[in-house]
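Protein chains in written order, with my numbering: chain V, 1 to 225; chain Z, 1001 to 1588; chain B, 2001 to 2223; chain A, 3001 to 3091.
Rather than coming from a laboratory, the hints here were simulated on the basis of the structure.
The reader is advised that the hints may include incorrect statements.
Label-pair ranges, simulated between beta-carbon atoms [what the hints assert, rightly or not]: (1) I117(V) <-> L3041(A): 24 to 34 Å; (2) K69(V) <-> L3037(A): 18 to 28 Å; (3) L3039(A) <-> R136(V): 24 to 34 Å; (4) A3022(A) <-> K192(V): 52 to 62 Å; (5) I2065(B) <-> A3023(A): 58 to 68 Å; (6) I2069(B) <-> P3076(A): 29 to 39 Å; (7) K61(V) <-> I3080(A): 29 to 39 Å; (8) V2032(B) <-> K1446(Z): 25 to 35 Å; (9) I1025(Z) <-> R2061(B): 49 to 59 Å.
Glycine included, every Cβ here is placed at the ideal spot set by N, Cα and C.
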Amino acid sequence: MTHAAATVDQMLPPYPAERGLDVYNKKLGMWVFLASEVMFFAALIGTYVILRFGATGEWAKPGIVLNIKITAFNTFLLICSSVSMVKAYAAIQDGDPKKMRFWLLMTILGGAAFVGIQVYEYIHLVQHGFVPSGVREGSELAELVAKGTLPAATMGLYGSTFYTMTGFHGFHVTCGVISMAYLYFTKALPGKYTKQDYGGIETVGLYWHFVDLVWIILFTIVYLI
Amino acid sequence: MTTVAATAHTTPAHHDDRSFIRKYIFSTDHKIIGIQFLFVSLFFLLIGGLLAMQMRWQLAYPGQPMPGGGILPESMAPGGVILPEYYIQLVTMHGTFMVFFAIMPLLVGVYANFLIPLKIGTHDMAFPRINMWSFWAFFAAGLVMLSSLFVPDGAARAGWTMYAPLSARHDYSGASIGQELWSVSIILVGLSSILGSLNYITTIINNRAPGMTWFRMPLSVWSLFITAILGLLALPVLSGAAIMLLFDQIIGTHFFDPAAGGQALLWQHLFWFFGHPEVYILILPAMGMVSDIVANGSRKPIFGYHSMVFAIIAIAFLGWIVWGHHMFMSGMNPTLGSSFMVSTLVIAVPSAVKVFNWMGTMWRGNIQFHVPMLNAVAFVAMFAIGGLSGIYMAATPVDMFIHDTYFIVAHLHYVLFGGSLFALFGAIVYWYPKMFGRMMSERWGKVHFWLTFVLYNCVFFPMHILGMGGMMRRLYDPSQYTFLQPYQPMNVFISISAFLLFATQVIFFVNFWWSLKKGKPAPQNPWNDNGLEWSLPSPAPHGNWEKVPTVYRGPYEFSSPQAAEDFLPQYTKLPTDREPVRAPVAGH
Amino acid sequence: MHWWLPLKGSTFAGEVDGLFLAITIITGIAFVLVEVGLIWFIVKYRQRPGQKAFYTHGNNRAEVIWTTIPAVTMVALGLISNHYWVKIKGRHSVPANAYPIAIHAKQFEWQVTYPGADGQLGTPDDFTVRNQLHVPVGRPVVVHLSSEDVIHSFFVPVFRVKQDAVPGMEINAWFQATVPGTYELGCAELCGLGHYRMRAQVVVHSQEDYDAWMKQAAQEASQ
Amino acid sequence: METAHKRPNYILIWVYLAVLTAAELALAFELPISRNLKLLLLLFLAVWKAALVGLFFMHLKFERWNLRIMAIIPLPLALIFILAGMSEHVW
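Could you build all of it, start to finish, from the sequences and the hints given here?
Here it is in structure tokens:
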């Protein structure tokens, strides 16, 4: 398709064409994109695993620097937003745009709240003295390091990997919230999604669930281990 | 449903009422985007060449003022004499420009964009607007990289491989903004490649013309498809690594800084985990296009089409498990070295299969030596040398001696210049008529080819000897070492050949520009080829076909007994051909 | 100037050179096969009026042959190479009686620490000399490589030995010099703007000369 | 386009995910078991949760195999990289 806006049947594979993967272009494109996202996070997570595995000395025990309670709540929030996304998808599949709009709005709010809480968490951590380069001198955490509660040798790596991994995850969540909000105002509100054509919802949903999936891994390996 | 679908997917009429900006600048037409990539990356190819010339001057005449070097600022070359800090910028930037901004976009940006929709028979890419963003991300990356040459303390200085911690800490390299701009630019390159790759993959999987089955696709499309998969999965790793490097440089993280617990080898693992698939990104499309051209020039079907396809897939797969062969001497776990050595040697097998199949294609052919064919044959000959010299460094004990010497420099230039660039010279001439509607000059093409072929060997073959003599890479002044002083005449010989080689490229550039306006108008199918793109007028119109063509056979039916001429296009319907039937899909 | 490899100065230089030669023979055969074949085809099958190319899509037997032969050759080469690799660089390759020398690389010099009279590193009689590597002939020497700042690479062409010195790691490399004389040690990994002048002198002594040099150098260092 | 498959109970998946998260927290901070066993169990739970999201929310369970392959291809590559990187520290 060059420039005709084919609004009908967006969710069918191109035709006439040789048989491909039997899914429409946008969905296939999103899966291909997600494959590359897997490799991006593999680089970040792999770096963390390798650095931690090869670190000389102990790694900080979980729960000392990071606030587990608030992050657990955040995890729960993201899981909820994932389920509300899939509810929106189910609603439009059943041809109920009103319900779809409600659940999409819930997803956007859930995602935005996640980002908000993460920003709050970052501010809190920096105030306590946890920064990307390690522990700020003269801070609360520096005293813990001096007391030996936290290992001095690996705090630099801890800060580096923590902020990079969660930061890029947060960036992805932000992108997701922005694109969902864009779809909400330009497509969902004007009622452009129908039982036949809800490709935008499915595609952005795939992205959103992927971001949730990454968080599930990150939460476990960064906060709990 | 079928009827609805069909109407929804018919092509718009061909009248083209887009404004100039939509048509030529922020264009979403895959052919225009390909041409934009072509102009920009040819420019960077020229920049990369100019940087190489300065290096060659310093290597041949160390410490002597470079002619015309007076225009360079004091911080680079006072009085035209190249400083060591400028020399390592030259080394770094030559590699970076050639790999990321010349060869890779020339092969993938230009030819994946231009050829995929034309050769598989579709109107455009699956996501034309994402395609446009891919170009502009690349353009921005190029501008950032170019601008780094002009910042106060100069461009990045750690080699194109940016080994940490030299690259990660400014007090080690002596450059700050330049290093950071390098990282930023590479992140953008990664973004551009990912956007491009996802487009190519989706388009090839889903948008092939009726009858264009997987095993009727031209090898160029096959190789571009596999390349896109490599790019899709490798470039995000580079982007991730470059982001971490940038953080080390600007916000004080410690990923690659051993002084604070980081790991220096981690950068090498990340970089080469991307870097080795990247090596195949830089050669596979060239192989694919050479296959097309060799079959056309020999007027014979490609020999062993299926084994060619499987060789591409095998190379791509093995390409993921050989990255450690760049790190044999890095202090890597020696057991890991053993396994990387074996996988590296094994990857020579599919490459050999490809070379033998090209030869098999030429065997008992009726070989026409048009300019693309000359370049394609040169590709086969030179790639064979580059591939064979790779075996030396794959064998770890020998690599212990030749690693980081000019032997490596010779090897990589035999593959990248003798391989990719010769294929590109062929491809540019071959598809020029479909891009611009005119032919490039045959005579000047031949002059350019022969001069390049001879001079190129004069430049890079002696580098093997230098490497065997133990001359290290990236040396500002080899005459510092007593044992390298006797090799100085050879350095002078290489440099003079390099200057002439560079001058020869002027012929190509003049031919290219002159033919744009004054070239012979191109017929629809100047090379008597079988591909779908030749069913279109030259240049191919916006939207390509009114109605996508139907494909009846494979792309290499040359000299078929079924046809009177010595070619039988994929879109020609013979009385014996049946219409392709597509299995019904839910919904259609 | 050599047109082939430089002087063989260590015990395994001959093995490395032998492997180099073997690969040259293998690749030489392939090279001749490909290039002569190409030229032959170019001449023999060039376009002639009225000639039509032979219409074939390939030959499975040919494919099998030219897949198998390179595969077998490459695996055999891999096994042979691995034998030497394990011997030279494997994790247990350093001979037990090797004479220890520590080299600390920094931008842009080699700091060579000798074990002194007791032949042990880490004792008070160690002394350090800049850019001078003296080794006894006919005795395995193990170099403990470390780096102050960035990655450097310890490269002595006549010994055919190369090993990166990586900050944060201590890497051992060993060799056994066979020919007394004066050679050069260079840095093979780009390490900054002074990379090109990061060189040192390598002197291979007979054992008596080495002992004499050691005594004198220790004295000079202690002053 | 009709959905060919029976729709999974999304709320049930949600409950699963919430319970598994709670189990992870309990495992990480309450259970007195050896560190390695804890590590193994936590990773197992994480993969389980990730699989639930992938299979049901991203409806991979209901896709054809060739699309599933698309999602699976990067995983072995990532694993190869991580294992090679880790093997640097065990010799």
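Hints violated by the structure (numbers, ascending): Violated hint (a single one): 4; every other hint is consistent with the structure.
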